[in-house]
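Asker: Chain order of the listed sequences is G and X.
108 is the number that this note's numbering gives to position 108 of the first sequence; each next residue is one higher, with no gaps.
179 is the number that this note's numbering gives to position 179 of the second sequence; each next residue is one higher, with no gaps.
Among the hints, a few may not be true.
Calculated lysine-lysine pairs in the DSS-like style (CA-CA distance at most 27 Å, straight line) [stated by the list, open to error]:
1) X:LYS131 with G:LYS27
2) G:LYS59 with X:LYS131
3) G:LYS87 with G:LYS27
4) G:LYS121 with G:LYS159
5) G:LYS87 with X:LYS131
6) G:LYS87 with X:LYS160
Which chain X residues stay away from chain G? Per the calculated CB distances, all over 10 Å, these [stated by the list, open to error]:
7) ALA85
8) GLY98
9) ARG159
The hints are simulated quantities; they were obtained by calculation from the structure and are not laboratory data.
Cβ atoms here follow ideal geometry from the backbone N, Cα and C, with glycine treated the same way.
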Amino acid sequence: MRISLVLLLSFLIVLTTGNALAGDADKVYGEGVSAADTVLVSDLLASPDDFIGKTVRVKGTAVGVCAHRGCWINIASDTEGQTVRLKVQDGVIVFPPEIVGDTVLAEGVWTANELSMEQTKKICAAQAREEGKDFDEKEVTSCMTLYQISGTGAVVAAK
Amino acid sequence: MTMRRFRKWCRTFHRELGYLAVGLTLVYAVSGIVVNHAHHWDANYERTAAVLSIAPPGTGATEEIEPLVLQRLALDRPVKNTWRAGPELLQVFLEGEGYDVNLVTGEVVHHAFRKRPLLFDLNFMHLNSGKGPWTGIADAYAGILVVMAVTGPWLVRGRKGLKGRGGLLMGLGIMLPFVYAFLVRGGG
Numbered sequence: 001m002r003i004s005l006v007l008l009l010s011f012l013i014v015l016t017t018g019n020a021l022a023g024d025a026d027k028v029y030g031e032g033v034s035a036a037d038t039v040l041v042s043d044l045l046a047s048p049d050d051f052i053g054k055t056v057r058v059k060g061t062a063v064g065v066c067a068h069r070g071c072w073i074n075i076a077s078d079t080e081g082q083t084v085r086l087k088v089q090d091g092v093i094v095f096p097p098e099i100v101g102d103t104v105l106a107e108g109v110w111t112a113n114e115l116s117m118e119q120t121k122k123i124c125a126a127q128a129r130e131e132g133k134d135f136d137e138k139e140v141t142s143c144m145t146l147y148q149i150s151g152t153g154a155v156v157a158a159k
Numbered sequence: 001m002t003m004r005r006f007r008k009w010c011r012t013f014h015r016e017l018g019y020l021a022v023g024l025t026l027v028y029a030v031s032g033i034v035v036n037h038a039h040h041w042d043a044n045y046e047r048t049a050a051v052l053s054i055a056p057p058g059t060g061a062t063e064e065i066e067p068l069v070l071q072r073l074a075l076d077r078p079v080k081n082t083w084r085a086g087p088e089l090l091q092v093f094l095e096g097e098g099y100d101v102n103l104v105t106g107e108v109v110h111h112a113f114r115k116r117p118l119l120f121d122l123n124f125m126h127l128n129s130g131k132g133p134w135t136g137i138a139d140a141y142a143g144i145l146v147v148m149a150v151t152g153p154w155l156v157r158g159r160k161g162l163k164g165r166g167g168l169l170m171g172l173g174i175m176l177p178f179v180y181a182f183l184v185r186g187g188g
């Protein structure tokens with residue numbers, strides 16, 4: 001009986017200490033960030049091929065989070081309308097929807113994925129659906145290259 | 001150690017650890033079912049979307065449009081941020097909710113989400129999202145399950161034990177994952 005009580009008490013102390021420590025500090029996801037310089041998202045998108053395979057650190061507002069598994073976030077560029085996606089391994093890092101609208105510092109390897117024509121059409125159709133526009137498959141004539149950051153970590157600034 | 005003494009030890013370990021494991025087993029079992037079906041529903045958050053409308057603010061410069069939109073939305077909670085996602089779309093982010101404002105039509109989609117009570121915490125523990133001390137607790141629980149699995153078969157003797165029905169059921173339970181792996185992955 002005494003042992004059970006001690007175990008229960010230790011368990012509660014561990015939980016409450018953990019919650020107290022999780023206060024208003026910056027929230028680190030994965031390995032956090034370590035790269036020295038921040039690259040502007042607009043620079044990345046202006047010459048994406050120059051950064052392929054390089055570790056990049058970007059900063060911006062989180063404007064979208066994967067609703068399914070929290071496995072990606074879209075980060076707003078310094079230029080209106082542009083975003084960059086930080087994709088992380090499913091389950092390794094999980095971004096919660098609460099971070100939408102917060103400032104994020106994120107890091108990972110800049111990657112380029114050549115999509116097939118079928119994949120390109122699917123993405124264009126989804127984009128058109130999101131924007132409420134009509135979509136005609138015949139208008140897609142070339143394959144798309146999908147650039148994104150293969151994320152290793154991120155830091156969400158304290159509120 | 002005699003067989004009788006060994007069985008007594010097994011019973012003691014199995015009983016004490018069994019009591020200790022009840023809470024954690026329920027956490028992992030309930031959350032296990034929930035996250036197994038994560039592709040059917042959002043296991044952590046309840047999400048809602050409602051369509052509203054405001055007077056169309058037009059597609060002018062963001063610094064002119066943003067105050068207009070905020071004024072017309074008449075928000076009574078602090079705004080975290082806004083984002084001009086496109087020429088015709090302004091997004092407004094608040095804690096736990098957001099608005100997608102079509103600047104041409106004035107149509108507004110209000111998105112809101114909130115954590116599912118209890119389920120969010122169960123999933124948080126199951127997926128070890130918080131890491132830290134829970135990693136140790138989950139490892140200890142896994143160890144407890146191993147001890148229970150190893151001691152369990154020795155609890156009962158005779159027809160219902162290892163030499164009878166118990167052994168048959170145990171064999172089936174052990175074979176199940178192997179058969180599944182063989183069938184699904186073709187044994188490769």
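Asker: Compare the structure with each hint and give your call.
Answerer: Right, here's what the structure says about each hint:
1. X:LYS131 with G:LYS27: Roughly 13 Å separates the two Cα atoms, so the pair holds.
2. G:LYS59 with X:LYS131: Distance of about 25 Å is within 27 Å: holds.
3. G:LYS87 with G:LYS27: Roughly 18 Å separates the two Cα atoms, so the pair holds.
4. G:LYS121 with G:LYS159: 40 Å, violated
5. G:LYS87 with X:LYS131: The hint holds at about 20 Å.
6. G:LYS87 with X:LYS160: Distance of about 52 Å is beyond 27 Å: violated.
7. ALA85: 6 Å, violated
8. GLY98: 6 Å, violated
9. ARG159: Per Cβ check, ARG159 of chain X is outside 10 Å of chain G; nearest 35 Å; holds.
The structure fails hints 4, 6, 7 and 8 (numbered hints given earlier, in ascending order).
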